[in-house]
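Protein chains in written order, with my numbering: chain L, 21 to 413; chain S, 7 to 82.
Any given hint could turn out to be false.
Said to hold, decoys possible - Computed spacing ranges between beta-carbons, pair by pair:
hint, chain 1, residue 1, chain 2, residue 2, range
1, S, Val62, L, Arg234, 52 to 60 Å
2, S, Tyr60, L, Ser181, 27 to 35 Å
3, L, Lys266, S, Asp41, 57 to 65 Å
4, L, His272, S, Ser33, 44 to 52 Å
5, S, Tyr60, L, Ile256, 42 to 50 Å
6, S, Asn67, L, Arg129, 30 to 38 Å
7, L, Lys325, S, Gly15, 26 to 34 Å
8, L, Asp290, S, Gln66, 35 to 43 Å
9, L, Leu370, S, Asn67, 17 to 25 Å
10, S, Ser24, L, Lys325, 18 to 26 Å
11, S, Asp41, L, Asn393, 47 to 55 Å
12, L, Arg234, S, Gly61, 50 to 58 Å
To be verified - The list that follows gives simulated cross-link-like pairs (lysine to any residue, SDA-like), each with its CA atoms no further than 20 Å apart:
hint, chain 1, residue 1, chain 2, residue 2
13, S, Lys22, L, Leu377
14, L, Lys349, S, Asn55
15, L, Lys349, L, Asp361
16, S, Lys59, L, Ala359
17, S, Lys59, L, Leu394
18, S, Lys59, S, Gln10
Said to hold, decoys possible - Covered stretches of chain L, going by a simulated chain S footprint (3 or more residues, C-beta under 8 Å):
hint, region
19, 352 to 359
20, 374 to 380
No wet-lab data here; the hints were simulated from the structure.
Everything numeric in this text was worked out from a predicted model, so none of it was measured.
Virtual Cβ for every residue (Gly too), placed ideally from N, Cα, C.
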Amino acid sequence: MFIDPKANFIISPDRFYRDVNSSEPLHSPSSVYNLFREIISTIVRHTDLDLTAPLSTGYSPNTKSPAEPISRKNIVGKIANSKSRILLATSGTTGAKKAVTHSVDSLCRGLQINLRHQNDIWGLAYPLNHLGGLQVMLQAIMNHNTIVHLFGLPNELIHDSIETNQITHLSCTPTFLKLLSTSNATHSTVQSLTTGGERLSRLDHALSEKMFPRARHRNIYALTEIGNLLISENDIFTIPESLNGKVKIIDHGLSIHASLLASKTNESGDDWYRTGDLVEVIAHNPLKFRFLTRRDEIINVGGNKVVPQIVEQSLLEITGIEQALVYGKENSLTGQIVACDIVTSSNQKLNFDEVRLQLTEQLPKFAVPRIYNLVPTLRMTTNGKICRHPQQS
Amino acid sequence: MDAQQTVLGFINRIRKFSNKPQFDNISGDQALQNDLQLDSLDLAELTVNLEGKYGVDIFQNGIVTTVEDVLNQLPK
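Take these sequences, add in the hints, and give me the full structure.
Spelled out as C-alpha cells, the structure:
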C-alpha cells in the first residue's frame, strides 16, 4: 500500500483486487463498473455520482457549483477542473514498484478531446488502475463516448464484443493483440488502434494490419512516471521538436529530462531520469531510435549480451509457435544461459530440436536458447503484459 | 543407464547442434574441452542438463576438466 499525504486517491494493483466483490468473477462487468465509478467519484470529489443517467449529447465543459448533483451530463467539466491528485503504482518492470503522483492534467496529456471524437466507441483493454486504462477512460469520458470493457475476457467474447458494440477505437498492449490474433477474425469497424506498454515487433504490426484492416495504427511510448511521451506509426520513434533537449540517450538508454516527470523527484542525482529502456539509435538529427529491451532484461552469457526480444522474434517466425518468452537462467560457468518458454498453437506438435537447428542458422551461438520449456500459457502482469520476471506476480 | 552413458548422451546431443560427429563412447580421462571439443557454452548446457537430472551443479566445487571429474560430482 502506498501512502502519499498529497494524494486523495490511491490506485494500485492491490486495491483492484481487494475491492472486487468476492462473489463475482474477477473483471466481471459490475466489479469493473464499481471501480470505474469509484475512480470518477474520487477525481471529481463527489460521492453520489450516478453514471447510469442518460448520456449527455452536448459539450459543456463548464464548472458547475460543487453543491449541484453530478451526473454524466456535467461530468466532463468536473473532471477538466479537478485538482485531485492521483497516485499510480508502476508495474514494477524495473524491479520494485514505485508510486507516482499525477494531476488530472498530466493524465490527460496527449489525449484528443474534440468534436471529431464524439462518436467514438472505445474498447477498454487495460485494467482501470493502470495508466493505459485511466487514459482510455478519460479520453472516452471527455468525449462523451461509450466504453466497452474487454480486459480479462475470453478471446471469443472479445471478438464478439468488438463486432456487437461496433467498437471504433482500441488501445492495448502488443501481448493483448497477439493473444487475440489466435483466431482469423477481422474487424473492420475499428478505425484506430493504439499499442503501448511493450516493444512492438514487426510481427505485431503485421498482426494488427490483418486483424484491423481499416485501422490507423499508432504506437505509443508512455511511462507511469510521465504519461504519454512519444507516438509513432511503427517501431521507430522520432523525437519531435517540442521535446528537443528533453530526451537524450545515456549509455544506450533512453533518458528523459526531469522537468517532464509527473512527480518532481529523480533518483539519478542529476536532471535526467533513466527510463531503463535500451534503444538502437537510427539517426541523430532529429533523434530516431527503436526500443530494444529493458536494461535489466539483457541476458549476459559469458560476457556476450543477448537481447531477449530479438530471440523471441526469431522464435515467433517459426510455424507452430504462438508465444515465446526468452530469459536468462543462472549458470555457474557462464553467468547466465539462454532459456525460453514456448506456447504452441493448438493442434501443433513442435520438435524443439528442429526449432533449435533453425535458430542456430539465424542467431549467434551464445544467443540460441539451450533450455526449452513447453508451457500452456505465459504469465501476465496485472496490466496485460507478458511477465518477464519470474519473481514478478 | 549409468551416469557415464547419461553424460555421453548429453554430450552427443550438444555436439549434434554444432554439426559435430557423435561419439560411440567416452572414457574418464578424456578432457571435456580438448578431447570432446566442448566450449564454455556447451559446458554450461551440460551443467544445466546434469543439474536437471541429478540436482547437482557439477561446477559448484570448482574446476571440472575431465569426464571423470564430472562423474565424481554426480551422486553415486
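Hints, verified against the model:
1. Taking the beta carbon of each, Val62/S and Arg234/L are about 58 Å apart, inside 52 to 60 Å as hinted.
2. In this structure the supplied range 27 to 35 Å is violated for Tyr60/S paired with Ser181/L, their Cβ-Cβ distance being about 51 Å.
3. Judged by the Cβ atoms, the range 57 to 65 Å given for Lys266/L and Asp41/S holds: they are separated by roughly 59 Å.
4. Distance hint check for His272/L and Ser33/S: the Cβ-Cβ separation is about 48 Å, which falls inside the suggested range of 44 to 52 Å.
5. Checked against the hint of 42 to 50 Å, the C-beta distance between Tyr60/S and Ile256/L comes to roughly 48 Å, which is consistent with it.
6. Look at Asn67/S against Arg129/L: about 57 Å separates their beta carbons, and that is not inside 30 to 38 Å.
7. For the pair Lys325/L and Gly15/S, the supplied restraint of 26 to 34 Å holds, since their beta-carbon distance comes to about 31 Å.
8. For Asp290/L and Gln66/S, the Cβ-Cβ distance of about 42 Å falls inside the hinted range of 35 to 43 Å, so the restraint holds.
9. At about 37 Å, the CB distance of Leu370/L to Asn67/S disagrees with the hint of 17 to 25 Å.
10. Take Ser24/S and Lys325/L: their Cβ atoms lie about 22 Å apart, and the range 18 to 26 Å holds.
11. Distance hint check for Asp41/S and Asn393/L: the Cβ-Cβ separation is about 32 Å, which falls outside the suggested range of 47 to 55 Å.
12. Taking the beta carbon of each, Arg234/L and Gly61/S are about 56 Å apart, inside 50 to 58 Å as hinted.
13. Proposed proximity of Lys22/S and Leu377/L is supported: the alpha carbons are some 9 Å apart, at most 20 Å.
14. Pair hint Lys349/L plus Asn55/S holds up; C-alpha atoms about 13 Å apart against a cutoff of 20 Å.
15. Among the hinted pairs, Lys349/L with Asp361/L is consistent with the structure: their alpha-carbon atoms are about 12 Å apart, no more than 20 Å.
16. Straight-line distance between C-alpha atoms of Lys59/S and Ala359/L comes to about 17 Å, which keeps the hinted pair within the 20 Å bound.
17. A hinted pair counts as satisfied when its Cα atoms are at most 20 Å apart, and Lys59/S with Leu394/L qualifies at roughly 18 Å.
18. For a cut-off of 20 Å, the pair hint linking Lys59/S to Gln10/S stands: about 13 Å separates their Cα positions.
19. A stretch counts as covered by a chain when three or more of its residues have a beta carbon under 8 Å from one of that chain; for the region 352 to 359 of chain L and chain S the count is 4, and the coverage holds.
20. Remark: the region 374 to 380 of chain L is confirmed as covered by chain S, as 3 of its residues place a Cβ nearer than 8 Å to a Cβ of that chain, reaching the required three.
Comparing the model with each numbered hint stated earlier shows that hints 2, 6, 9, 11 do not hold.
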